[in-house]
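Visitor: Read off the chains here:
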Amino acid sequence: GESVGLHLPTLSVQEGDNSIINCAYSNSASDYFIWYKQESGKGPQFIIDIRSNMDKRQGQRVTVLLNKTVKHLSLQIAATQPGDSAVYFCAEKYNQGGKLIFGQGTELSVKP
Amino acid sequence: DAGVIQSPRHEVTEMGQEVTLRCKPISGHNSLFWYRQTMMRGLELLIYFNNNVPIDDSGMPEDRFSAKMPNASFSTLKIQPSEPRDSAVYFCASSPTQNYGYTFGSGTRLTVV
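As given, the protein sequences belong to chains H and Z, one line each in that order.
All residue numbers for the first sequence refer to our numbering, where the first residue is 1 and numbers rise by one.
All residue numbers for the second sequence refer to our numbering, where the first residue is 1 and numbers rise by one.
Everything labelled a hint here was simulated from the structure, so no lab data went into it.
You may find that some hints are simply not true.
Among chain H residues calculated to face chain Z with C-beta under 7 Å, some are [as the list claims (entries may be wrong)]:
(1) Tyr25
(2) Ala29
(3) Ile34
(4) Pro44
(5) Asp49
(6) Tyr94
(7) Lys99
(8) Gln104
For lysine-lysine, the following DSBU-like pairs were computed, each having C-alpha atoms within a straight-line distance of at most 30 Å [claimed, not checked]:
(9) Lys68(Z) to Lys78(Z)
(10) Lys24(Z) to Lys68(H)
(11) Lys37(H) to Lys111(H)
(12) Lys111(H) to Lys24(Z)
(13) Lys78(Z) to Lys68(H)
(14) Lys78(Z) to Lys37(H)
(15) Lys56(H) to Lys71(H)
(16) Lys42(H) to Lys71(H)
(17) Lys56(H) to Lys111(H)
(18) Lys68(H) to Lys37(H)
(19) Lys78(Z) to Lys24(Z)
(20) Lys37(H) to Lys24(Z)
(21) Lys42(H) to Lys68(Z)
For clarity, every value in this text was computed on a predicted model and none was experimentally measured.
Note that the Cβ used here is the ideal one computed from N, Cα and C, for glycine as well.
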């Protein structure tokens with residue numbers, strides 16, 4: 001039969017609003033986390049990272065929150081702009097020298 | 001810095017043919033990664049190298065896939081023979097050490113017909 005692709009979670013927001021994208025990671029031993037942004041036809045682009053000894057880190061218009069108790073990561077984008085429309089991936093690394101494991105992604109759509 | 005450079009950007013080939021994808025990592029980066037992205041499976045790590053040495057190739061689908069890194073500035077991913085199910089976007093990424101985020105290339109979109 002015909003294969004079915006992944007149905008990415010979708011978040012639709014109005015331009016100017018704040019966006020929150022959530023991610024549940026898999027391994028309680030993970031010690032490094034990254035958010036990536038992927039626009040159509042391009043490779044994933046690094047946004048912000050956080051290590052497990054922190055619970056919050058801020059960048060320009062973006063904030064990452066880490067809750068190790070429930071293995072949850074979130075990305076907050078302030079004053080969302082049309083250029084923020086993309087698929088956002090969280091990634092985790094869970095041993096020294098280990099590989100990054102990516103989540104399935106969330107599609108963010110910003111309405112002007 | 002030109003970033004991670006991949007070639008070709010697009011490749012269309014017939015089933016059974018050999019395909020070679022190429023990657024030039026960022027100068028000075030010691031780690032190199034090959035990922036495959038499909039709608040069905042998302043982003044999957046195929047193999048990664050540290051200091052030109054393959055560390056983990058557990059993600060390589062089968063023996064038809066092979067990867068090499070003959071020097072610090074070049075890596076190849078080869079599929080021989082190619083099959084339609086290999087159609088995907090293949091990304092190369094590099095990192096200065098094992099403990100930082102990766103910089104991805106623009107990818108190679110492979111179509112096997």
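Visitor: The structure should be examined with respect to each hint, and the outcome stated for every one.
Guide: Structure-based check of each hint:
1. Tyr25: Result: violated, 14 Å to nearest chain Z Cβ.
2. Ala29: For Ala29(H), the interface hint is violated, since the closest Cβ of chain Z sits about 15 Å away, which is over 7 Å.
3. Ile34: Where the cut-off is 7 Å and the nearest Cβ of chain Z is about 5 Å from Ile34(H), the hint holds.
4. Pro44: Holds - the Cβ of Pro44(H) comes within 7 Å of chain Z, reaching about 5 Å at its closest.
5. Asp49: This hint holds: Asp49(H) lies near chain Z, its Cβ roughly 5 Å from the closest one there, short of 7 Å.
6. Tyr94: Nearest chain Z Cβ about 12 Å off; hint violated.
7. Lys99: This hint holds: Lys99(H) lies near chain Z, its Cβ roughly 5 Å from the closest one there, short of 7 Å.
8. Gln104: Where the cut-off is 7 Å and the nearest Cβ of chain Z is about 5 Å from Gln104(H), the hint holds.
9. Lys68(Z) to Lys78(Z): 8 Å, holds
10. Lys24(Z) to Lys68(H): Violated, because 36 Å separates the two Cα atoms, which is more than 30 Å.
11. Lys37(H) to Lys111(H): It holds: about 18 Å lies between the C-alpha atoms, which stays within 30 Å.
12. Lys111(H) to Lys24(Z): 37 Å, violated
13. Lys78(Z) to Lys68(H): Violated, because 39 Å separates the two Cα atoms, which is more than 30 Å.
14. Lys78(Z) to Lys37(H): Measuring from Cα to Cα gives roughly 27 Å; hence the hint holds.
15. Lys56(H) to Lys71(H): 14 Å, holds
16. Lys42(H) to Lys71(H): Since the Cα atoms of Lys42(H) and Lys71(H) sit roughly 29 Å apart, the hinted pair holds (cutoff 30 Å).
17. Lys56(H) to Lys111(H): Roughly 28 Å separates the two Cα atoms, so the pair holds.
18. Lys68(H) to Lys37(H): With Cα atoms ~22 Å apart, Lys68(H) and Lys37(H) stay inside 30 Å; holds.
19. Lys78(Z) to Lys24(Z): The given pair, whose Cα atoms are some 15 Å apart, holds under the 30 Å limit.
20. Lys37(H) to Lys24(Z): 22 Å, holds
21. Lys42(H) to Lys68(Z): Answer holds: Lys42(H) to Lys68(Z) is near 24 Å, not above 30 Å.
Going down the numbered hints, you'll see the structure goes against 1, 2, 6, 10, 12 and 13, while the others check out.
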